[in-house]
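Engineer: Residue strings, one per chain:
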Amino acid sequence: MGRPDLSRRHLLSAAGGLTVAAGFGFAALGTGADALASGADTRVRYWNLFSGGDGANMIAMLDAFRKAHPGIDVKDSTLQWGNPFYTKLAMAAAGNRAPDLGVMHMGRVTGFSPGRLLDPWDVGLLAKYGVREQDYNPALWKRGVIDGKLYALPLDIHVQLCFYRKDVLKKAGLLGDDGRMIPVTSTDEWFDVLKKARAVQKKGLQTIGLWTNDQNFQWWFFVAFYTQLGGRWFNDDNTEVLFDPDKATQVLEFLRRHVTDGYVIPGAPTGEQFINGAPFTWEGNWSVPVFSGAKLDYGATPLPPVFGKQATHAESHAFVLPHQAGRGGATNEGAHELAAYVVTHALQWAAGGHIPAYTPTLSTAAYKKLTPQNEYVSAMDHQATEPKVWFAGSTGVLAQDLGPVVVSSTMGSAKPASVAQTMKRHLTRLLASKNPMDGRTAAQGGAVA
Amino acid sequence: MTTSAHMTTGAVAAPARARTATAVATVRRKQGFQHGGWFVAPFLALFVLFVIWPLLRGVYLSFTDANISGDAANFVGLDNYREALHDSAMWDALGHSAYFTLLVVPCITVLAFLLAMLAHHIERGKWLWRLCFFVPFLLPSTVAANMFQWLFTQGIGLINETFGLDTPWLTDKSYAMLAIVIETLWWTVGFSFLLYLAALQGIPDHLYEAAKLDGANAWHRMVHITLPMLRNITGLVIALQILASLQLFDQAVVMMDFGPGPEVSTRSFVQYTLEQGFTSYRVGYASAMSIIFFVIIAVVALARMWLLRNREESGR
Amino acid sequence: MTTAVQVRKSTRKPWTPSQIILTLLGVAVSAVFVAPIAAALFTSLKSEAEAAEIPPHWLPKVWTAQAWKALWETGNITNWFINSLVVSVCVTSVVLTVSALAGYGFARTEFRGKGVLMGIVMSGLMISPAVLGVPLFTTVQQMGMVDTYWGMILPQCAPAAMVYILYKFFQGVPRELEEAAFIDGAGRWRVFFTIVVPLARPSLAAVGIFTFIASWNNFLWPYMVTNNPDLMTMPNGIATVMNSYGIQWAQLMAGGLMAGLPLIIVFVFFQRQIVAGVAHTGLAGQ
Numbered sequence: 001m002g003r004p005d006l007s008r009r010h011l012l013s014a015a016g017g018l019t020v021a022a023g024f025g026f027a028a029l030g031t032g033a034d035a036l037a038s039g040a041d042t043r044v045r046y047w048n049l050f051s052g053g054d055g056a057n058m059i060a061m062l063d064a065f066r067k068a069h070p071g072i073d074v075k076d077s078t079l080q081w082g083n084p085f086y087t088k089l090a091m092a093a094a095g096n097r098a099p100d101l102g103v104m105h106m107g108r109v110t111g112f113s114p115g116r117l118l119d120p121w122d123v124g125l126l127a128k129y130g131v132r133e134q135d136y137n138p139a140l141w142k143r144g145v146i147d148g149k150l151y152a153l154p155l156d157i158h159v160q161l162c163f164y165r166k167d168v169l170k171k172a173g174l175l176g177d178d179g180r181m182i183p184v185t186s187t188d189e190w191f192d193v194l195k196k197a198r199a200v201q202k203k204g205l206q207t208i209g210l211w212t213n214d215q216n217f218q219w220w221f222f223v224a225f226y227t228q229l230g231g232r233w234f235n236d237d238n239t240e241v242l243f244d245p246d247k248a249t250q251v252l253e254f255l256r257r258h259v260t261d262g263y264v265i266p267g268a269p270t271g272e273q274f275i276n277g278a279p280f281t282w283e284g285n286w287s288v289p290v291f292s293g294a295k296l297d298y299g300a301t302p303l304p305p306v307f308g309k310q311a312t313h314a315e316s317h318a319f320v321l322p323h324q325a326g327r328g329g330a331t332n333e334g335a336h337e338l339a340a341y342v343v344t345h346a347l348q349w350a351a352g353g354h355i356p357a358y359t360p361t362l363s364t365a366a367y368k369k370l371t372p373q374n375e376y377v378s379a380m381d382h383q384a385t386e387p388k389v390w391f392a393g394s395t396g397v398l399a400q401d402l403g404p405v406v407v408s409s410t411m412g413s414a415k416p417a418s419v420a421q422t423m424k425r426h427l428t429r430l431l432a433s434k435n436p437m438d439g440r441t442a443a444q445g446g447a448v449a
Numbered sequence: 001m002t003t004s005a006h007m008t009t010g011a012v013a014a015p016a017r018a019r020t021a022t023a024v025a026t027v028r029r030k031q032g033f034q035h036g037g038w039f040v041a042p043f044l045a046l047f048v049l050f051v052i053w054p055l056l057r058g059v060y061l062s063f064t065d066a067n068i069s070g071d072a073a074n075f076v077g078l079d080n081y082r083e084a085l086h087d088s089a090m091w092d093a094l095g096h097s098a099y100f101t102l103l104v105v106p107c108i109t110v111l112a113f114l115l116a117m118l119a120h121h122i123e124r125g126k127w128l129w130r131l132c133f134f135v136p137f138l139l140p141s142t143v144a145a146n147m148f149q150w151l152f153t154q155g156i157g158l159i160n161e162t163f164g165l166d167t168p169w170l171t172d173k174s175y176a177m178l179a180i181v182i183e184t185l186w187w188t189v190g191f192s193f194l195l196y197l198a199a200l201q202g203i204p205d206h207l208y209e210a211a212k213l214d215g216a217n218a219w220h221r222m223v224h225i226t227l228p229m230l231r232n233i234t235g236l237v238i239a240l241q242i243l244a245s246l247q248l249f250d251q252a253v254v255m256m257d258f259g260p261g262p263e264v265s266t267r268s269f270v271q272y273t274l275e276q277g278f279t280s281y282r283v284g285y286a287s288a289m290s291i292i293f294f295v296i297i298a299v300v301a302l303a304r305m306w307l308l309r310n311r312e313e314s315g316r
Numbered sequence: 001m002t003t004a005v006q007v008r009k010s011t012r013k014p015w016t017p018s019q020i021i022l023t024l025l026g027v028a029v030s031a032v033f034v035a036p037i038a039a040a041l042f043t044s045l046k047s048e049a050e051a052a053e054i055p056p057h058w059l060p061k062v063w064t065a066q067a068w069k070a071l072w073e074t075g076n077i078t079n080w081f082i083n084s085l086v087v088s089v090c091v092t093s094v095v096l097t098v099s100a101l102a103g104y105g106f107a108r109t110e111f112r113g114k115g116v117l118m119g120i121v122m123s124g125l126m127i128s129p130a131v132l133g134v135p136l137f138t139t140v141q142q143m144g145m146v147d148t149y150w151g152m153i154l155p156q157c158a159p160a161a162m163v164y165i166l167y168k169f170f171q172g173v174p175r176e177l178e179e180a181a182f183i184d185g186a187g188r189w190r191v192f193f194t195i196v197v198p199l200a201r202p203s204l205a206a207v208g209i210f211t212f213i214a215s216w217n218n219f220l221w222p223y224m225v226t227n228n229p230d231l232m233t234m235p236n237g238i239a240t241v242m243n244s245y246g247i248q249w250a251q252l253m254a255g256g257l258m259a260g261l262p263l264i265i266v267f268v269f270f271q272r273q274i275v276a277g278v279a280h281t282g283l284a285g286q
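Line order of the protein sequences matches chains E, L and W. Residue numbering for the first sequence follows UniProt numbering, beginning at 1 and increasing consecutively. Residue numbering for the second sequence follows UniProt numbering, beginning at 1 and increasing consecutively. Residue numbering for the third sequence follows UniProt numbering, beginning at 1 and increasing consecutively.
Think of the hints as simulated: they come from the structure by calculation, not from any bench. Be careful, since some hints might not be right.
Stated by the list, open to error - No more than 27 Å apart at the CA atoms, straight line, and that leaves these computed lysine-lysine pairs for BS3-like: (1) L/K212 / L/K126; (2) E/K67 / E/K195; (3) E/K424 / E/K434; (4) E/K171 / E/K149; (5) W/K61 / E/K75; (6) W/K69 / E/K67; (7) L/K173 / E/K424; (8) E/K415 / L/K212; (9) W/K61 / E/K295; (10) E/K434 / E/K149; (11) E/K142 / E/K170.
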């Protein structure tokens, strides 16, 4: 009894000792297990935030790049979209352990401290790999230029859309001769359309998906309709709040009415409802592959101009170079090459519903044949965007502060008029607050805007 | 017992014992002075680097407008604290953490006690009950939270399906915190359960037997023997739970996809602090909030010590 | 032999009505506790489409190991597993070493300022990465340890609670045992390693097991200090890095079970020691 026990104990302690030694060895080495296995000459670490259909497309494009460039090992990592992503990117850059290439939303670039957390692109190097300024919409390219240097290389424009099911709308007599939804130009017309659709839709489903309790979507919709009303945020010098609570109240009441009139089931999963037969849903264009994959007969237009003027919320994904103290060399060149490759091979990306930023793609016959992309490509001409201040941008401080407030109105826990006042208060406070990265307010950060 | 041992040795060889005692005392003092510091040094080094220094640094940073980049910062005096006092979002976050604590602590204490009583009184398969009630605690917080996020999701979640409900657990502000509380109960009750179980097993049998002889029924035995004997462990369970619950973070962020919950109804104090520091890059302001939080935690801990001392004194 | 024991037991303990009721109650409550884990297991054995089906159902209609296979093939999870192992093993061995030394030092040796130091260390019970996260991060950032194993490991290596538990234990060790060795001419260190440490084995085991559990399951600190997905630990990777095809519940559940499984196995094997350890910790805390 004693001896086998003893030898087992010896074995256990030997195994334990080995594990401890291996653990410390690894820790001393300091790299992940994966880095040890890689043998390629140049290793480009690339962080992105693409999940769902976008993620699949990005992986397909990366695989194509890998096949064409066997000397470059692309190590891509997908992090959860939203704040975790920006937090991690900022912390990695601040800790000087940033990846070689990253993706950001354009609106976040100004607040992300170009020069401190981001490095500028080498425009000459980009041109060498086929990306030049004249291939871009000038306004879009300029959004990435700060203090005369390019910090963000735009990949696409993505917009909020009104998806509709042609099968349901046809029954309700809401399709025009071209097979597209009849245009809507006022709130009355819009609710009339919803009423007609509800009369013919499958029972038990909602009529429209509005993401009523999602602070991001509600904020984006608010920005779109507030822009349709011609509402402004700040004056040009960013010294004064021009936010109009009356216009805001109109928008909030419009959003709220979808709930009070019973067109929405709050909390119901919007995509699943649409696939199961709900006539409408308002989603980002990234839902295109989901609905196409489900083989639905559907169309997609920009958000209806119910306040008279066309405008829909738009943002752009852009490639950035997170700050590295010793940026340069083959890895940096590899990052340029990879970004240029993805930008110029954007047709695949357009399949994900995004409007390519690289204009030569737009004029190809292949792009013009894409449906429903060809129905909403015009959206890029009337973009509703957040004000160009340091606290704006996708899931930025502005959206974080105002999004939940909009939700509270839509969900009915606060009155639209008082919510509009709350929004104005938040905007006043934010305008006076200093950008923690350089200690300047929006008004003082002239170069940024 | 030690005294009796001394007395026997003393009785056998008193003079020899006295001599060795002085020798031992000198040896002990010499050895102690020589090495005592070295025993403590490795721990102290780590402790100073990763506990004391960050605390001091936090105090310093809280008086500056430091940002995440680590660049030189400006001294801003009490501005951060002044701002914090007027920051309604911070008070809301503190409120959420306090509300969570208020819900979780009594539930966990009662549930852990009941589970321990159950496991203690079933005569067969003790290891099985122990395993079943404790196993959730062995899961990483994020894994447990992911499981419940999925169970609670409207439409595809099994909780609504099993109980025939259609509750928007994760998307409505009146349910979101409740969902987090339920997840926390399931995940952490096992630890307090084990503490209670150990305490129950430590109650001497003869107390119960004596009570039985006196004709006390089961209820009386529980009220007059079990509960008083568990007073200390209950104090410990409550104190540990309060401290842990105030630091709510993991479950809440994972179940809410790293957001603040429906209409900002689940953002905890820790989450808000980290958002200020790492999302808004305001390290100075976040440090001020950390210090405020430290004071709150310290007050809770000191209150417990004070209560303990009071009870001990009144008990004597 | 086992059957013999059981037979003896069952003759001694008859199935009284109250025992039957209690056992049934125990089974019901256990079912509630195990159900979420069982659900996760079943979901991990569904196809992704079935895992997201409306309405959901408990058992897979078609049993498939696709989620587990995909998990292995995408590779991240094996990386994270190794990282978790490295971090937890290092943390546990460092904590055991330094807190045993410190606990003994505080309990049995004399040096100037001991009382004050002890007080300061005890105040450390109130400090955690949740409380002081941001300043702790900037400290580690200054040391250049963001996104390194050491950055994850070292800040977890100064737990005042473990020192306190071992301090309490060492206080209870009879002084006579050491004194006899001193008279034989042994030094402090020899006494510590040859007499005190072997005596403290159960306490050290408890401290070790709890440190390992805490470190394996730790999310907050690794979440703050690692950004590079290659360096993440299991809980962190599962929570923050999604694979590129959106939330895939079947894979997520499979990954979660993989993260939880090692500790569950450890618990099944070392149940007695762990329960004793909890009792021990609890007693120290009282």
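Engineer: Of the numbered hints stated earlier in the document, which are not met by this structure?
Structural biologist: Of the numbered hints given earlier, those the structure breaks are 2, 4, 5, 8, 11, listed in rising order.
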